[in-house]
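Q: This is what each chain is made of:
Protein chains: 2
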Amino acid sequence: MRSSPIRHTSEVMMRYELYYWPGIQGRGEFVRLALEEAGADYVDVARRPNGVAAMMKFMENLRAARPPFAPPFLKAGKLVIAQTANILLWLGPRLRLAPREEAGRMWAHQLQLTITDFVAEIHDTHHPVASALYYEEQRSEAKRYTGEFWTHRVPKFLGYFERVLARSGGNYVLGRRLTCVDLSLFQVVEGLRYAFPRHMKRFERKIPRLIALHDRVAKRPRVAAYLGSERRIPFNESGIFRHYKELDA
Amino acid sequence: MRSSPIRHTSEVMMRYELYYWPGIQGRGEFVRLALEEAGADYVDVARRPNGVAAMMKFMENLRAARPPFAPPFLKAGKLVIAQTANILLWLGPRLRLAPREEAGRMWAHQLQLTITDFVAEIHDTHHPVASALYYEEQRSEAKRYTGEFWTHRVPKFLGYFERVLARSGGNYVLGRRLTCVDLSLFQVVEGLRYAFPRHMKRFERKIPRLIALHDRVAKRPRVAAYLGSERRIPFNESGIFRHYKELDA
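Protein sequences appear in the order of chains H and V. Just so we're aligned: the first sequence equals residues 1 to 249 in the working numbering. Just so we're aligned: the second sequence equals residues 1 to 249 in the working numbering.
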């Protein structure tokens, strides 16, 4: 991917600091995948000793002029950027994971924001009433939400990305070059397989291009190395993609 | 606001086409407010005769390489941009409703995306289970969702924007100049007042800066003219902000 040694050097010299909850993949994972694929130098701050305290201190700093609303946020030199899609909008060109021209970058960001919307709905399959309540306190609502989710929303969102892929003119969503959008769609497929293995088994034949994209991303050497490393936090029932048997009936 | 006659001319010469559902303010309203405040030349396409058919045709065009997932979308020359925050990211500098430097634009976009998140939750107060179902089919879930919404989410979101305003160093969220973020926060306050008049009456004393911002935006000559015109669609029970008495108990 890299043709310019200068760009390579500047990437190596810039150490990014990612702030996100240490026990889950969550929304931070979309940023981690981009950093990993690019071979960027980054620190996953909250996973270090006393890291969560450092993150909270950062967020609650009353003197900060531009405080993040919530993790994830990225520190790059003096810049602090929050909101997953916004972080990727900024990182994309720097990590060579976005088109260079404005129209292409806008299109990539538009798709990333549609993924953001979908991820929020995925989260709501197990938390349709409130994040502040336990899943067990909203189980019946979750069941009803998840039914509608698989009837209407998954076909709508994944069908859309399947159509976009069909028209992209290449192996990736933006064409011939990998972008953050591909990495994020990989994560969505991976997460849905974890959370809803039975549903996905039936649904995947409707999205052959997305599944092929998922497999292509998984085989990229840096992604594969990352997925096999301890840096990849396993899916679990505290994250966005949660496996509850009764929701996958 | 305008110091350059050249910019003025180019604005007048560029006719924007906004595509959004004609019967509601919805997410399109955040774009309309920006276009109106800037005095931009725009057509609200779907509100013209056969406009919805034109919008649907556009969305279902199988040959479009970059189809929007959903309205609103904006046509600017050959460019088609979807996702509300993405539209405002692009329009902002062109309408002089965003900072010029990158860090400021990223910060404005970050706030806009946080407003997007909040607006999705506001929508879910009346549709916590599924958009495909009527409100009447999810009334009990809506009641429970709305309770949590006012206990946890409104204080968290509006408290955040209140803090950001306190540190902005000016009358507006980004400082001394009005941006899209201010217009959107005006709309959020206006909408919450419509949907939840009783809740808002009690809550507003906790967000004096946001209320002052709302009033300041409402008095801007172009905004005031717009709000008094037929172009401003009244709030109703098909939009994002809906008034259901039982949810405002």
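Note that these hints are calculated values from the structure, not bench results. A few of these clues could be false.
Which copy is meant is left open, so a pair is good if it fits within one copy or across any two.
Claimed, not checked - Listed next, the in silico DSSO-like pairs over lysine-lysine satisfying Cα-Cα at most 27 Å (straight line): (1) Lys75 x Lys156; (2) Lys201 x Lys57; (3) Lys201 x Lys78; (4) Lys156 x Lys57.
Q: Does each hint hold? Answer for all of them.
A: Hints versus structure:
1. Lys75 x Lys156: between (35 Å within a copy, 23 Å between copies)
2. Lys201 x Lys57: neither (43 Å within a copy, 33 Å between copies)
3. Lys201 x Lys78: Neither: 45 Å inside a chain and 40 Å across chains, both beyond 27 Å.
4. Lys156 x Lys57: Result: close only across copies, 17 Å inter versus 40 Å intra.
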